[in-house]
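Novice: Starting from the given sequences, assemble the full structure and let the hints guide the process.
Residue numbers (this note's numbering), protein chains in the order written: chain A, 1 to 267; chain B, 1 to 276.
Simulated from the structure, these hints should not be mistaken for laboratory data.
Incorrect hints may have been included.
Here are the simulated DSBU-like cross-link-like pairs (lysine-lysine), alpha carbons at most 30 Å apart as the crow flies [as the list claims (entries may be wrong)]:
1) B:273 - A:158
2) A:170 - B:205
3) B:273 - A:13
4) A:158 - A:170
5) B:205 - A:158
6) B:273 - B:198
7) B:273 - B:205
8) A:13 - B:198
9) B:26 - A:13
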Amino acid sequence: MAELGVTPVKDYKNPFSINWLTSGLWILVAGYLLYTVQSLGLSWTRFSEGLHHAGTLLDRMFPPNFSRWELLFSGLAESLEIAVISSVVGIFFSLFFGLFAARNLMSNLVTVPVRGFIAVCRSFHPIIVAILFVKSVGFGALAGILTLIIASIGFIAKLFAEAIEEISLKQVEAIRATGASFTSVILFSVLPQVFSRFIGFSTYQLDSNLRNSTMVGIVGAGGLGGTLFSAFQRFDYDFVSAILITIIALILFWEFLSNVVRSIFSE
Amino acid sequence: MLSGVFSVSETDSKIDHHWQRFTLKKQLSRYAVYLSFLIALVLSIRTVEVIPEFFYDAPEQIADLFARMWPISFEFYQISVHEAMIETLNIATLGTLVTLIFAVPLAFMNASNIVASPWSHWISRFFLVSSRSINSLIWALLFVAIFGPGVIAGVLAIAFRSVGFIGKLLSEAIEEINMGSVEALRATGAPWGAVLLKGYWPQVKPAFFSIVLFRWDINVRESAVLGLVGAGGIGIVLNNSMNLFEWQQVAMSLLAIFVVVIMAEIVVVNIRKRLI
Numbered sequence: 001m002a003e004l005g006v007t008p009v010k011d012y013k014n015p016f017s018i019n020w021l022t023s024g025l026w027i028l029v030a031g032y033l034l035y036t037v038q039s040l041g042l043s044w045t046r047f048s049e050g051l052h053h054a055g056t057l058l059d060r061m062f063p064p065n066f067s068r069w070e071l072l073f074s075g076l077a078e079s080l081e082i083a084v085i086s087s088v089v090g091i092f093f094s095l096f097f098g099l100f101a102a103r104n105l106m107s108n109l110v111t112v113p114v115r116g117f118i119a120v121c122r123s124f125h126p127i128i129v130a131i132l133f134v135k136s137v138g139f140g141a142l143a144g145i146l147t148l149i150i151a152s153i154g155f156i157a158k159l160f161a162e163a164i165e166e167i168s169l170k171q172v173e174a175i176r177a178t179g180a181s182f183t184s185v186i187l188f189s190v191l192p193q194v195f196s197r198f199i200g201f202s203t204y205q206l207d208s209n210l211r212n213s214t215m216v217g218i219v220g221a222g223g224l225g226g227t228l229f230s231a232f233q234r235f236d237y238d239f240v241s242a243i244l245i246t247i248i249a250l251i252l253f254w255e256f257l258s259n260v261v262r263s264i265f266s267e
Numbered sequence: 001m002l003s004g005v006f007s008v009s010e011t012d013s014k015i016d017h018h019w020q021r022f023t024l025k026k027q028l029s030r031y032a033v034y035l036s037f038l039i040a041l042v043l044s045i046r047t048v049e050v051i052p053e054f055f056y057d058a059p060e061q062i063a064d065l066f067a068r069m070w071p072i073s074f075e076f077y078q079i080s081v082h083e084a085m086i087e088t089l090n091i092a093t094l095g096t097l098v099t100l101i102f103a104v105p106l107a108f109m110n111a112s113n114i115v116a117s118p119w120s121h122w123i124s125r126f127f128l129v130s131s132r133s134i135n136s137l138i139w140a141l142l143f144v145a146i147f148g149p150g151v152i153a154g155v156l157a158i159a160f161r162s163v164g165f166i167g168k169l170l171s172e173a174i175e176e177i178n179m180g181s182v183e184a185l186r187a188t189g190a191p192w193g194a195v196l197l198k199g200y201w202p203q204v205k206p207a208f209f210s211i212v213l214f215r216w217d218i219n220v221r222e223s224a225v226l227g228l229v230g231a232g233g234i235g236i237v238l239n240n241s242m243n244l245f246e247w248q249q250v251a252m253s254l255l256a257i258f259v260v261v262i263m264a265e266i267v268v269v270n271i272r273k274r275l276i
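Specialist: Here it is, written out as structure tokens:
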């Protein structure tokens with residue numbers, strides 16, 4: 001090299017040098033693992049005993065028992081009803097809440113309280129909301145519907161607001177320049193820009209409401225969850241596996257359907 | 001659509017001024033979607049079993065519930081909420097760490113630019129979808145049946161539920177990377193471990209951390225309710241106070257959950273801002 005008149009570059013970074021930050025992170029993780037295993041009282045004997053139980057449990061779960069399909073079907077129907085009604089009502093309210101929370105169209109006087117309300121809806125897990133509703137409106141589908149309406153508002157009103165905040169204001173200005181009323185401005189300049197994203201969010205929310213509607217029954221808010229919980233408590237594990245298979249099939253079928261809907265609406 | 005316009009203009013030498021945004025087929029399929037939603041809604045409203053008296057009564061009952069929650073019993077925090085809240089955070093964190101053991105290999109199997117075989121995609125997708133379809137509370141029920149009530153069930157429920165989420169998002173992140181550096185490394189004859197570590201990992205790293213943090217945030221929320229079915233954490237305290245109708249203690253637990261959830265979200269948002 002030297003006779004060619006080229007000096008080799010010496011001060012390049014060694015690509016395989018030890019990254020102290022990463023190794024420190026690993027040590028931290030390992031330390032944390034040791035600490036939690038100590039403080040939570042996790043022990044290997046309990047785990048291995050559990051694995052033994054898991055064997056017997058799986059043994060009792062198979063073959064799945066579909067003989068009580070009427071019960072299964074009524075639970076499934078109730079879950080679907082809860083999901084559909086709560087999604088429609090939740091999306092309807094979210095349209096308004098999303099609009100009122102959009103900072104580019106509304107003044108702070110409106111957006112701040114609406115945003116606060118949306119944040120409160122979002123920060124409690126649906127199960128906790130469901131418990132409160134079961135205590136206040138009694139057992140049954142109504143509590144589930146109200147719960148999932150709250151969950152829907154918390155999730156998609158926020159996404160709607162973000163979508164509206166990202167629109168181009170030129171079209172809004174153009175429509176305004178024609179002397180259009182506020183409703184017309186919303187309908188003809190804002191909505192066309194965000195419609196396909198709204199459809200995407202809405203199918204996502206219907207999806208998540210469907211999943212949650214199989215769960216809220218555990219605390220008595222109607223749907224397949226209640227059937228599942230009572231099957232668990234009666235140790236009917238073959239019926240439990242039948243319910244679980246139904247839930248997975250339902251979700252898969254819905255994912256297929258929502259893909260179809262999304263492909264129809266994505267121009 | 002365009003060809004239709006041209007054929008008209010060639011024969012009649014007139015331009016069809018009627019402009020349509022969507023083709024007829026698209027328009028019809030859109031209306032079909034609207035219609036089926038409408039039918040589903042009407043069917044649901046007609047068949048759902050709701051007692052209307054309960055519905056009219058609801059605002060009053062809710063007001064009554066909140067009245068009973070006041071004043072919040074703050075002394076209850078020291079008695080049992082604090083310890084249970086720490087346990088909840090530990091369940092969420094440990095569950096997120098445990099889930100990586102399963103989620104990372106499944107993400108590799110699901111990413112078509114690491115494993116090209118369709119069999120491996122189907123197998124991994126089966127596990128990812130089942131993990132996501134079953135709610136964490138239902139996973140918790142299963143694990144309580146296996147390991148008995150306690151923290152282990154909670155940790156495993158969180159872990160099994162998160163596998164689908166992390167695995168799916170991680171495999172999508174892996175599929176989006178630029179394959180140039182991976183091919184360059186392969187061409188030098190690097191072993192697969194080195195390719196993973198120096199080809200894939202640096203490109204996936206920011207996405208990986210932000211996915212894991214995001215899931216941790218969700219897990220904090222979820223681990224707060226696992227105790228309702230006996231899987232440890234603040235949920236057990238909440239359930240006990242509710243069964244005793246100690247609404248002021250319930251309010252304290254709810255307040256603690258609210259504060260912790262908000263704090264977790266703030267932490268995650270700030271770290272993610274720095275990462276991206």
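Novice: If a hint holds in the structure, say so; if it doesn't, say that too.
Specialist: Going through the hints against the structure:
1. B:273 - A:158: holds (19 Å)
2. A:170 - B:205: Since the Cα atoms of residue 170 of chain A and residue 205 of chain B sit roughly 38 Å apart, the hinted pair is violated (cutoff 30 Å).
3. B:273 - A:13: With a Cα-Cα distance of about 27 Å, the restraint between residue 273 of chain B and residue 13 of chain A holds, given a limit of 30 Å.
4. A:158 - A:170: Measuring from Cα to Cα gives roughly 23 Å; hence the hint holds.
5. B:205 - A:158: holds (28 Å)
6. B:273 - B:198: holds (24 Å)
7. B:273 - B:205: Holds. Residue 273 of chain B to residue 205 of chain B sits at ~14 Å (cutoff 30 Å).
8. A:13 - B:198: holds (15 Å)
9. B:26 - A:13: Roughly 57 Å separates the two Cα atoms, so the pair is violated.
Hint check: violations occur at hints 2 and 9; the rest are consistent with the structure.
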